[in-house]
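*Asks:* In case you want the letters, here they are:
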Amino acid sequence: MITKKDLDKIKAATLTENYLDDSREGIRVTVGMATCGIAAGAKPLFRLLKEGTADLEKVEVKMVGCIGSCRLEPMIEVYEGSKRTTYVFMTPEKCQKVLDEHIKGGKVVTEYTIGAADKENASSITEMSYFKSQKRIVLRNCGTIDPENIDEYIARGGYEALDKVLTSMSKEDVVNTLLSSGLRGRGGAGFPTGLKWKFTMAEADQKYVVCNADEGDPGAFMNRSVLEGDPHALLEAMAIAGYTIGATIGYIYIRAEYPLAVERLKIAIKQAEDKGLLGKNIMGSGVDFTIELRLGAGAFVCGEETALIASIEGERGEPRPKPPFPSQSGVFGKPTVINNVGTFANIPQIIVKGVDWFKSTGTEKSSGTKVFALGGKISNPGLVEVPMGTTLRDIIYNMGGGIPNGKKFKAAQTGGPSGGCIPVDHIDTPIDYDSLAEIGTMMGSGGLIIMDEDNCMVDIARYFLDFTVDESCGKCVPCRIGTKRMLEILERITTSKGKADDISKLKELGKNIKLTALCGLGQTAPNPVLSTIRYFEQEYETHIKEHKCPAGSCQAMIAYFIEAEKCIGCGLCARKCPVDAISGEKKQPHKIDRSKCIKCGACMEACPVDAIYKR
Amino acid sequence: MAKMVSLTIDGINVEVEEGTSVLKAAKDIGIMIPTLCYLNGVNSFGGCRICVVDAGAKSLLASCTLPAAEGMVIKTNTKEVQEARRMNMELILSNHDRSCLTCDRNGKCELQDTAFQMNVDEIRFDGKDTKHKLDLSSPAMVRDPNKCILCRRCVAACGRVQDIGVIGPTERGFRTIVEPAFKMSLGDVACINCGQCLQACPTGAITIVDDTKKVWDAIADPNKHVVVQTAPAVRAALGEEFGLPIGTCVTGKMATALKRLGFDRVFDTDFAADLTIMEEGTEFIGRLQNNGVLPMITSCSPGWIKFMEHNYHDFLPNMSSCKSPQQMMGSVIKNYYAPKMNIPRENIVSVSVMPCSAKKFEAGRPEFGDDVDVVITTQELGRMIRMAGIDFERLPDSDFDPLLGDSTGAAVIFGVTGGVMEAALRTVYEVLTKETLEQIEFESIRGMEGLKEATVKINDLDVKIAVAHGTANARKLLDSIRSGEKEYHFIEIMACPGGCINGGGQPLVDSEIKLKTNVVKQRAKALYSEDRGKALRKSHENPSVQQVYKDWLGEPGGHKSHEFLHTKYVERDLY
Ligand SMILES: Cc1cc2nc3c(=O)[nH]c(=O)nc-3n(C[C@H](O)[C@H](O)[C@H](O)COP(=O)(O)O)c2cc1C
Numbered sequence: 001m002i003t004k005k006d007l008d009k010i011k012a013a014t015l016t017e018n019y020l021d022d023s024r025e026g027i028r029v030t031v032g033m034a035t036c037g038i039a040a041g042a043k044p045l046f047r048l049l050k051e052g053t054a055d056l057e058k059v060e061v062k063m064v065g066c067i068g069s070c071r072l073e074p075m076i077e078v079y080e081g082s083k084r085t086t087y088v089f090m091t092p093e094k095c096q097k098v099l100d101e102h103i104k105g106g107k108v109v110t111e112y113t114i115g116a117a118d119k120e121n122a123s124s125i126t127e128m129s130y131f132k133s134q135k136r137i138v139l140r141n142c143g144t145i146d147p148e149n150i151d152e153y154i155a156r157g158g159y160e161a162l163d164k165v166l167t168s169m170s171k172e173d174v175v176n177t178l179l180s181s182g183l184r185g186r187g188g189a190g191f192p193t194g195l196k197w198k199f200t201m202a203e204a205d206q207k208y209v210v211c212n213a214d215e216g217d218p219g220a221f222m223n224r225s226v227l228e229g230d231p232h233a234l235l236e237a238m239a240i241a242g243y244t245i246g247a248t249i250g251y252i253y254i255r256a257e258y259p260l261a262v263e264r265l266k267i268a269i270k271q272a273e274d275k276g277l278l279g280k281n282i283m284g285s286g287v288d289f290t291i292e293l294r295l296g297a298g299a300f301v302c303g304e305e306t307a308l309i310a311s312i313e314g315e316r317g318e319p320r321p322k323p324p325f326p327s328q329s330g331v332f333g334k335p336t337v338i339n340n341v342g343t344f345a346n347i348p349q350i351i352v353k354g355v356d357w358f359k360s361t362g363t364e365k366s367s368g369t370k371v372f373a374l375g376g377k378i379s380n381p382g383l384v385e386v387p388m389g390t391t392l393r394d395i396i397y398n399m400g401g402g403i404p405n406g407k408k409f410k411a412a413q414t415g416g417p418s419g420g421c422i423p424v425d426h427i428d429t430p431i432d433y434d435s436l437a438e439i440g441t442m443m444g445s446g447g448l449i450i451m452d453e454d455n456c457m458v459d460i461a462r463y464f465l466d467f468t469v470d471e472s473c474g475k476c477v478p479c480r481i482g483t484k485r486m487l488e489i490l491e492r493i494t495t496s497k498g499k500a501d502d503i504s505k506l507k508e509l510g511k512n513i514k515l516t517a518l519c520g521l522g523q524t525a526p527n528p529v530l531s532t533i534r535y536f537e538q539e540y541e542t543h544i545k546e547h548k549c550p551a552g553s554c555q556a557m558i559a560y561f562i563e564a565e566k567c568i569g570c571g572l573c574a575r576k577c578p579v580d581a582i583s584g585e586k587k588q589p590h591k592i593d594r595s596k597c598i599k600c601g602a603c604m605e606a607c608p609v610d611a612i613y614k615r
Numbered sequence: 001m002a003k004m005v006s007l008t009i010d011g012i013n014v015e016v017e018e019g020t021s022v023l024k025a026a027k028d029i030g031i032m033i034p035t036l037c038y039l040n041g042v043n044s045f046g047g048c049r050i051c052v053v054d055a056g057a058k059s060l061l062a063s064c065t066l067p068a069a070e071g072m073v074i075k076t077n078t079k080e081v082q083e084a085r086r087m088n089m090e091l092i093l094s095n096h097d098r099s100c101l102t103c104d105r106n107g108k109c110e111l112q113d114t115a116f117q118m119n120v121d122e123i124r125f126d127g128k129d130t131k132h133k134l135d136l137s138s139p140a141m142v143r144d145p146n147k148c149i150l151c152r153r154c155v156a157a158c159g160r161v162q163d164i165g166v167i168g169p170t171e172r173g174f175r176t177i178v179e180p181a182f183k184m185s186l187g188d189v190a191c192i193n194c195g196q197c198l199q200a201c202p203t204g205a206i207t208i209v210d211d212t213k214k215v216w217d218a219i220a221d222p223n224k225h226v227v228v229q230t231a232p233a234v235r236a237a238l239g240e241e242f243g244l245p246i247g248t249c250v251t252g253k254m255a256t257a258l259k260r261l262g263f264d265r266v267f268d269t270d271f272a273a274d275l276t277i278m279e280e281g282t283e284f285i286g287r288l289q290n291n292g293v294l295p296m297i298t299s300c301s302p303g304w305i306k307f308m309e310h311n312y313h314d315f316l317p318n319m320s321s322c323k324s325p326q327q328m329m330g331s332v333i334k335n336y337y338a339p340k341m342n343i344p345r346e347n348i349v350s351v352s353v354m355p356c357s358a359k360k361f362e363a364g365r366p367e368f369g370d371d372v373d374v375v376i377t378t379q380e381l382g383r384m385i386r387m388a389g390i391d392f393e394r395l396p397d398s399d400f401d402p403l404l405g406d407s408t409g410a411a412v413i414f415g416v417t418g419g420v421m422e423a424a425l426r427t428v429y430e431v432l433t434k435e436t437l438e439q440i441e442f443e444s445i446r447g448m449e450g451l452k453e454a455t456v457k458i459n460d461l462d463v464k465i466a467v468a469h470g471t472a473n474a475r476k477l478l479d480s481i482r483s484g485e486k487e488y489h490f491i492e493i494m495a496c497p498g499g500c501i502n503g504g505g506q507p508l509v510d511s512e513i514k515l516k517t518n519v520v521k522q523r524a525k526a527l528y529s530e531d532r533g534k535a536l537r538k539s540h541e542n543p544s545v546q547q548v549y550k551d552w553l554g555e556p557g558g559h560k561s562h563e564f565l566h567t568k569y570v571e572r573d574l575y
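Chain order of the listed sequences is S and P.
For the first sequence, position 459 matches number 459 in our numbering, and the numbering has no gaps at all.
For the second sequence, position 453 matches number 453 in our numbering, and the numbering has no gaps at all.
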């Protein structure tokens with residue numbers, strides 16, 4: 001039976017709060033080995049470092065999760081006492097040099113550090129401005145501890161919350177703590193977590209705790225990062241939920257496309273069971289709780305909680321009407337708490353550090369932080385965790401490094417295919433559940449896609465709707481047929497065949513689908529369309545009335561031209577053209593035959609004097 | 001006692017049991033919310049979004065799946081609700097094959113009716129259609145996915161009600177289609193042709209195979225002697241085709257109509273039902289007395305037979321070897337009636353009118369040859385009568401033609417669950433005890449309970465009997481026997497819930513009526529009252545049956561009977 005004392009012992013023997021500190025000797029080397037790091041080539045580096053340090057005393061080499069800046073992978077970090085150095089874009093050669101000069105020789109290889117790469121005067125990621133303005137609660141262990149080693153999690157205070165709950169808190173205490181913390185669901189809808197747990201407390205012979213790790217939003221990987229980098233945080237929180245609502249079984253519903261996360265979860269569950277932190281009679285408390293994995297086949301709709309439940313039960317992954325809600329009738333008709341990975345990951349810290357600590361971050365109605373997967377037209381794509389209420393401007397220009405190539409910001413999409421866009425006028429909106437809803441979008445699970453002046457908003461709407469049409473389960477009429485009809489209209493508009501009443505039809509369909517669709521997928525599917533109409537109606541009209549795409553993005557509506565005055569007749573464009581659409585005498589202005597042109601843009605890229613433009 | 005909750009619907013207060021759907025609660029106070037995918041007792045699915053109501057939530061909710069709760073305030077008829085329903089209807093119609101004029105269900109289509117009710121006068125959101133091939137592989141049913149609105153009523157009927165599950169949704173989103181797994185055809189899967197799917201379908205997406213043309217051709221051929229038989233359950237429902245109240249028994253009008261249609265002889269399958277009791281009763285007594293395989297299970301229902309052949313062929317030895325009444329009649333017509341009348345076999349066309357879609361499959365089983373040439377259903381007979389311009393309601397009554405048209409009350413109740421067992425008991429009891437049975441109505445095996453059982457004391461023996469209707473109940477019953485948990489002597493199984501009166505070939509009943517009335521009970525009443533009105537109510541008292549034994553068959557269970565009235569079954573794969 002494991003007790004708090006044992007946890008403390010492990011803690012003392014493993015890491016300190018800051019991993020290492022000056023009182024300890026030795027060097028800790030970590031290699032980013034989440035999916036992003038491994039894809040970038042981290043595995044050979046890990047091997048190289050392991051072998052290269054095998055006969056060194058007091059040097060440990062550990063694999064860790066993703067620290068968020070996936071673009072800089074492979075990354076390795078070297079900790080010596082309180083000093084930390086971050087190396088980026090590592091290769092075996094560079095790694096060898098770090099091994100020889102830094103790890104063995106004690107001299108930082110400045111040219112490979114993160115500061116060198118991102119042109120800041122810094123040698124560790126924690127000193128980078130984009131990192132400093134983040135606040136890491138959910139991701140606090142990601143990229144720093146070994147996710148396959150439970151001791152490192154314990155060393156960072158892991159499982160203390162579970163101990164506290166089991167030894168000194170009643171079920172009501174836990175619920176009240178969550179209620180007053182103001183924690184809201186990070187899966188998208190922002191429902192108060194404490195309330196959800198409270199609704200599930202009524203007597204029943206069996207109950208379930210479910211973790212939603214389906215993460216189907218295109219481009220989102222916040223949950224994956226936690227699963228791969230800090231799996232025990234999730235397990236601990238689920239066990240706390242089990243105790244609180246009186247469930248003995250938990251399911252983690254995770255997409256099969258996350259094999260590494262599945263693997264790490266399996267390892268973590270096994271380690272927790274071996275230590276008596278999961279399973280029967282947890283920490284001698286008399287409480288039983290086991291966790292099983294359920295793999296999803298990657299349907300977006302299976303992230304919707306009732307469809308997810310159907311899928312766990314072995315049925316076709318289709319949503320069911322609510323009410324009844326899962327808290328009354330969930331898995332196999334039993335009361336069920338279902339929360340997102342990110343929601344769970346907050347809970348142990350709220351229990352240990354307290355409500356006031358948690359509420360000190362974020363806004364009044366949205367406490368804590370939110371992790372975003374920043375993508376699109378942004379200089380520093382990757383994961384950022386920011387206090388709720390941070391403005392979009394802050395995220396884009398501070399943490400995201402701004403828009404690349406000197407382009408202008410046009411809009412940001414939050415909430416993925418269920419959300420909407422935020423135009424430049426609202427760039428100073430604080431990002432929290434309610435402010436986003438007010439401007440016609442939603443928090444969603446954390447996808448944040450930045451668009452610049454080259455993005456056509458009609459086409460963006462079409463892109464997202466195309467996704468939902470594809471992912472509709474087909475159960476209810478408005479989603480199955482209505483979204484398809486909307487998509488057909490958008491396809492019309494973006495191919496120069498729009499009709500005068502198309503915008504009003506889109507609005508009418510959108511309104512009805514939101515109003516009558518069975519589940520959240522349908523109810524939110526029109527959002528990208530409605531919000532782009534709300535802020536960019538003029539752009540729609542230009543497509544329909546003038547058959548022009550102002551952003552120059554809709555293929556059907558653009559043509560390429562050569563400016564005769566600028567053309568020097570070098571012939572480079574004609575040679576690059578894959579369909580021989582360009583002709584002209586040497587040193588004379590060239591011409592494009594638009595009946596042949598396939599609008600690939602190769603000529604424009606090739607032109608040395610910028611004489612080719614599209615319109 | 002269940003907890004009651006009180007809610008307000010359109011300003012009217014209503015009290016219902018907790019958990020009752022808002023749709024039903026509204027019905028109780030006379031508010032009929034339109035539906036499409038909902039079917040009372042079969043499907044509450046919430047997919048069509050036609051029955052949506054305003055429950056004060058941010059979106060409208062489907063009333064068919066919304067449990068009534070204390071203090072709820074529901075609005076069923078606001079402008080917003082009306083417009084939402086109408087637009088969803090427009091969307092459904094935008095992806096529907098709208099060749100209504102030539103559709104089987106023209107004029108009897110819930111989609112048509114509901115669209116009309118909502119005053120849909122335009123389809124503004126036309127776009128791409130999904131296009132699928134017709135499935136003509138089944139002898140009983142035609143699947144036309146282009147008419148399918150994906151309400152899943154058939155899926156629930158096949159899967160949830162019947163526990164067969166050979167059709168279901170495949171693909172997703174706009175490409176979703178209801179079909180057998182792995183793109184197979186209905187004729188290739190373990191479908192038992194019970195037709196509960198087509199009874200559930202609100203549109204023309206699953207319809208009965210129409211064989212009326214074959215009948216018209218035969219009648220028009222001067223060289224053919226066309227003989228017709230009508231099953232017991234047909235008379236309990238045919239009137240519905242002509243707007244008569246559910247539960248009206250139209251035996252006499254039906255006989256007149258058949259004569260006017262031009263059949264040369266109008267016989268009654270009830271005769272063969274009495275004959276079946278003679279054979280089956282004898283077989284049962286034989287098994288009882290000679291340590292034969294028990295329990296013995298009835299074999300009248302062709303849906304059940306095929307179900308057994310696919311799923312429970314370990315019960316093959318338990319099956320009565322008696323042909324079904326339709327096939328006994330077919331055999332009597334071709335092998336006894338034809339020579340007796342001096343008509344060459346090939347000139348006789350034997351037609352049967354059945355409440356049952358599976359009878360079409362049965363008549364085509366190779367072992368039955370051409371005993372029955374054409375099977376039409378109650379629906380198709382209704383169609384023929386309409387085509388002939390016969391004013392059904394004003395028809396006078398007439399009798400069936402003699403001998404093969406004579407029957408007892410025991411035969412009539414074959415059409416309802418428990419009826420075959422009751423008829424058999426009336427005879428078996430008297431044969432074994434040589435006493436007159438006074439109390440001939442066996443209440444314990446009547447009614448719509450899915451599984452019924454009783455013990456009947458015959459001489460010194462407590463005969464244990466069981467009755468199951470609907471294959472889901474049959475499954476439960478057989479599983480309990482397989483596991484050794486239950487033991488019986490004699491079992492009746494019918495494939496359709498309620499028995500033949502609720503067969504796949506019966507007139508279609510609108511879902512709104514199914515919400516308001518218990519159709520099966522009404523039809524059952526019609527048969528029980530016809531039984532009560534008969535002078536003879538025990539099969540062995542049928543003088544015409546006795547005559548046929550005297551003339552031709554010899555004795556029940558005898559050599560000739562075995563040649564002409566008994567059959568064998570086969571094992572079939574499930575996939
Ligand atoms: C189409 C659709 C997809 C969803 N996908 C996810 C998902 O991938 N992960 C998730 O946690 N929640 C997802 N949700 C939200 C869940 O239904 C549910 O609200 C959430 O799991 C509740 O957890 P929370 O309260 O912790 O946010 C999705 C909802 C919809 C409508």
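Hints may be right or wrong, so weigh each one.
Pairwise CB distance ranges (calculated) [said to hold, decoys possible]: (1) P:D479 x S:A202: 45 to 53 angstroms; (2) S:K171 x P:P317: 55 to 63 angstroms; (3) S:R615 x P:R124: 52 to 60 angstroms; (4) P:G56 x S:G406: 17 to 25 angstroms; (5) P:A454 x S:S170: 38 to 46 angstroms; (6) S:A202 x P:G364: 33 to 41 angstroms; (7) P:D121 x S:K599: 54 to 62 angstroms; (8) P:R124 x S:G219: 48 to 56 angstroms; (9) P:L134 x S:G219: 53 to 61 angstroms; (10) S:A202 x P:L134: 30 to 38 angstroms; (11) S:F332 x P:D121: 27 to 35 angstroms; (12) S:M1 x P:Y575: 31 to 39 angstroms; (13) S:F332 x P:G364: 41 to 49 angstroms; (14) S:K599 x P:R124: 28 to 36 angstroms.
Since the hints were made in silico from the structure, they are not lab data.
Quick caveat: nothing in here was measured; it's all calculated off a predicted structure.
Just so you know, even glycine gets a beta-carbon here, dropped at the ideal spot from N, CA and C.
*Asks:* Now tell me, hint by hint, if it's right for this structure.
*Replies:* Okay, the hints, checked on the actual structure:
no.	hint	in the structure
1	P:D479 x S:A202: 45 to 53 angstroms	violated, 34 angstroms
2	S:K171 x P:P317: 55 to 63 angstroms	holds, 59 angstroms
3	S:R615 x P:R124: 52 to 60 angstroms	violated, 34 angstroms
4	P:G56 x S:G406: 17 to 25 angstroms	violated, 51 angstroms
5	P:A454 x S:S170: 38 to 46 angstroms	violated, 56 angstroms
6	S:A202 x P:G364: 33 to 41 angstroms	violated, 57 angstroms
7	P:D121 x S:K599: 54 to 62 angstroms	violated, 43 angstroms
8	P:R124 x S:G219: 48 to 56 angstroms	violated, 34 angstroms
9	P:L134 x S:G219: 53 to 61 angstroms	violated, 42 angstroms
10	S:A202 x P:L134: 30 to 38 angstroms	violated, 51 angstroms
11	S:F332 x P:D121: 27 to 35 angstroms	violated, 46 angstroms
12	S:M1 x P:Y575: 31 to 39 angstroms	violated, 52 angstroms
13	S:F332 x P:G364: 41 to 49 angstroms	holds, 43 angstroms
14	S:K599 x P:R124: 28 to 36 angstroms	holds, 33 angstroms
The structure fails to meet hints 1, 3, 4, 5, 6, 7, 8, 9, 10, 11, 12 from the earlier list, while all remaining hints are met.
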